[in-house]
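Colleague: Sequence:
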Amino acid sequence: MHTSAWPVAIVILLVLVAIPANAMTSESLDISIRQDGKADIRFAYHLDWLEYIAVYLRLVDPAAELKKALESNFGKPVTVISVNSNSVHLSVDSFAQVSSSNGTMTARTPGLSFAAGEKILKTYWFAPLVTADLSPSVTTIRFPDGYVETFPDRIEIPPLVHTWKAGEGSQVPG
0 MHTSAWPVAI
10 VILLVLVAIP
20 ANAMTSESLD
30 ISIRQDGKAD
40 IRFAYHLDWL
50 EYIAVYLRLV
60 DPAAELKKAL
70 ESNFGKPVTV
80 ISVNSNSVHL
90 SVDSFAQVSS
100 SNGTMTARTP
110 GLSFAAGEKI
120 LKTYWFAPLV
130 TADLSPSVTT
140 IRFPDGYVET
150 FPDRIEIPPL
160 VHTWKAGEGS
170 QVPG
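Using numbering that gives the first Met the number 0, the first residue of the sequence shown is number 0, and each one after it goes up by one.
One thing to keep in mind: the hints can contain errors.
[Said to hold, decoys possible] When the alpha-carbon atoms are kept at most 25 Å apart in a straight line, the in silico SDA-like pairs for lysine to any residue are as follows:
| id | residue 1 | residue 2 |
| --- | --- | --- |
| 1 | Lys164 | Thr139 |
| 2 | Lys37 | Lys164 |
| 3 | Lys75 | Gly102 |
| 4 | Lys37 | Thr122 |
| 5 | Lys66 | Asp29 |
| 6 | Lys164 | Ser136 |
| 7 | Lys67 | Thr103 |
| 8 | Lys164 | Ser93 |
| 9 | Lys37 | Ser90 |
In short, the hints are calculated from the structure, not lab data. Being a predicted model, the structure only gives us computed values, none of them experimental.
My request is simple: use the sequences and hints to build the entire structure.
Modeller: Below is the structure:
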């Protein structure tokens, strides 16, 4: 690097360190549950330019981190279906417990907490440069019969129980 470029590089570095950036901002979490309990999960987020560079350089992998967090919480394998710069599409077998009795179907979903993810994010080397907001602006849970539960800007989503008549609704596309 030329001697005259050093002052510019130092100023840029100081600006990057001195001005905290917003971390990945969770925009939406959409969970569609099928009649067999499998869940199709779509997580949309926004990255600032600094996070985008970190993802591009493979310093951070949002899909891998989300997969690891879900597998840790649910104890079930998670499949990454697709990833792009602002969303992750996942699938989780046996996400919901689905049972049938006397002509009715019942689905029980686990509770979700994004607080643990925020704690994990704080352990990364770049933690002093970011502020985390992993709670989605809106979390939507869709059941096979078309029933929908929505939770705006919540860091924790409670477990849900939903019952419907067998044969009603259809398989949620996956």
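Colleague: Just pull the numbers of the violated hints for me, sorted ascending.
Modeller: Of the numbered hints given earlier, those the structure breaks are 3, 4, 6 and 7, listed in rising order.
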